[in-house]
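Undergrad: Let the sequences and hints guide you as you build the complete structure.
In order, the protein sequence lines correspond to chains F and L. Under my numbering, the residues of the first sequence are numbered 12 to 384, in order. Under my numbering, the residues of the second sequence are numbered 12 to 384, in order.
No wet-lab data here; the hints were simulated from the structure. Do not rely on the hints blindly, as some may be mistaken.
Note that the list lumps identical chains together, so a pair holds whenever it fits in one copy or between two copies.
[Said to hold, decoys possible] SDA-like mimics (lysine to any residue), calculated; alpha carbons at most 25 Å apart, straight line:
| hint | residue 1 | residue 2 |
| --- | --- | --- |
| 1 | Lys327 | Ser88 |
| 2 | Lys327 | Gly82 |
| 3 | Lys327 | Ala179 |
| 4 | Lys327 | His84 |
| 5 | Lys327 | Pro154 |
| 6 | Lys327 | Asn64 |
| 7 | Lys327 | Leu80 |
| 8 | Lys327 | Asp123 |
| 9 | Lys327 | Asn279 |
| 10 | Lys327 | Pro74 |
| 11 | Lys327 | Asp345 |
The structure displayed is predicted, hence computed values, not measured ones.
Chain by chain, the residues:
2 protein chains.
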Amino acid sequence: MQARDGHARAGHLRTAHGEVETPVFMPVGTQASVKALSGGDLEALGARIILGNTYHLALRPGPELIARLGGLHAFQSWRGAILTDSGGYQVFSLRGRRTLDDDGVTFQSHLDGSLQRFTPEGVMGIQRALASDVAMVLDECPPSDAPPEQVRAAMERTTRWARRCVEAERAPGQLRFGIVQGGTDVALRLEHLQAIGELPFEGLALGGLGVGEPPPVMHAVLAAVVPRMPEDRPRYLMGVGTPIDLLAGIEAGIDMFDCVMPTRNARNGQLFVRTGRLNIANAVHRDDPRPVEEGCPCEACRRYTRAYLAHLFRAKELTYYRLATLHNLQHYLDLVRAARSAILEGRLAAYLQERRAALAQDESTVDSRQSTV
Amino acid sequence: MQARDGHARAGHLRTAHGEVETPVFMPVGTQASVKALSGGDLEALGARIILGNTYHLALRPGPELIARLGGLHAFQSWRGAILTDSGGYQVFSLRGRRTLDDDGVTFQSHLDGSLQRFTPEGVMGIQRALASDVAMVLDECPPSDAPPEQVRAAMERTTRWARRCVEAERAPGQLRFGIVQGGTDVALRLEHLQAIGELPFEGLALGGLGVGEPPPVMHAVLAAVVPRMPEDRPRYLMGVGTPIDLLAGIEAGIDMFDCVMPTRNARNGQLFVRTGRLNIANAVHRDDPRPVEEGCPCEACRRYTRAYLAHLFRAKELTYYRLATLHNLQHYLDLVRAARSAILEGRLAAYLQERRAALAQDESTVDSRQSTV
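TA: Here it is in structure tokens:
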């Protein structure tokens, strides 16, 4: 640990592909590609670690092919670190296409309908073939409205699966992270943290948050649970969230984040700015000669106007998707990097206050005029 | 003119946005964007002049908005030169959605079905608002199978429209190019060249080629007509074509080319290489660790394998479209730049022979194994 500021921490994640400064935001590259970007784009953004998704890569192009081509880093020509998800999130997000039993989960492929079996050992085997820097265990992620007995059952299954995962062989230098479930019940979370924390994982993740519960509920869970996670291991909040969520996570002591929000929302026309979000489809932007955000160093803001991006979005030009993605990732990466600097300088509280005050103005100040698209 | 080699020429096109070395290939940016690329991408490729399309820009976002934002260069943040098409090609390509009369053409918008009137004066007015560096006159482009009387009627109408266009006001520094029609009949072509050549245009274009006639027929027309075009003015072959077509055009003395082929085919999975084209959807590429073309300086070839591009294409990842477009434009730009060097060094014949010999191997050598996608 490099520095502490309240519960917040600044440190490093040491991987086989370099040291990553934390807190860190990890762009999501589900299918071995951060959508619309190239590796050069990610390097220009200063991204040092990205995600790949075991479920998606297992289906296409398949772990054997990736292994034959030298692993996921070589396959997608990415020199930084890679964390691979386990497929546990798909237990939640594809719950209409899977059956769950004590030994694992069977998905009906979203690509061709074929049945795909994922077990704790199988998932670690796939991640071994991918040779990611950080492998996640298979877990069961219940929905936010699951009754307590279902949350408890998912915890217990996740613990049994975690024990099986730590027995599995891993790629050279590969780190292994456990996943803590427990829904939004702090007592259950702490109980599961105890169980998972006893296993020999190099890092611990919180799963099953940001899956439908109100943000204040999640923030309360973070404030109660994260400070009690082991001090000496990286803490990863999976799949979360909005800028406000990231600030809450950092304040509570989270080190690592990933989320599709900046990339997916970019493609849907939503661009992040200090005061909230703007919807580039809004007619107000059609003749606006300003950049999306004054002073933003991304290619979109350095070179293009809101008017031009609004045109590209309307015309469904491919160029839009890359520029918007670059902007939103720049926003997310900078938000977290600035928090890290604030922690190092012992001024996180002031930083959080400043960012939250800007966000409290909300997107209504940005998109105030009525749309007449 | 800087140099001649046979009928071929190396020279410069002087525009309000810089000098462009010719022969030159101009990437097509129909809707104020070369599909999937940014201005930075085009600069990295060394593109110095790109196309915009009057018909598409008139419909969306409209010339008034572009003019208000400082013209097409400012709107799309492009510092190089821009040539705007006139909408004459859409007289051909949208012939199911337009009615033609002696005063102009009425399109039914492909966006919202509204009626859009284009006259010679109106088209020059739009291009004046766009403030492109080179404006094209409105012409009537007949299909390749049009009977001689229709070809002649289109020529005569194109001449009348050209006379009206030269009377129209233009943007400061804007060049104006006339368009020669005449189908594949050399006598008609020469007759129309005579009529258009008499008007005060800064350059002359051949329209109505590459619209369905066999390549050898087009090449014969080029060989017979281009050497008789005025020596002192740039010669532009509109909308053509394959690498073989470009070599034939350069050999005959063409200075400027544009075509959607490199960009459109990239998106459809067809990648240009010295020996022809490869279809990235072909199963043979799925585990091929080689770049698309060894030695190609584009980002796709410097960093990625055929296997990775094949995966991105299958997964419909947005990243594919940019990488493939970069590669194909690199191929086209380099093909023409190398021809220019050959002309300057008086070795064009050897260059043409070498490129044609490589292409004679054809794509069959690249995609020889059967697809089992």
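Undergrad: If you check each hint against the structure, which ones fail?
TA: 3, 5 and 11
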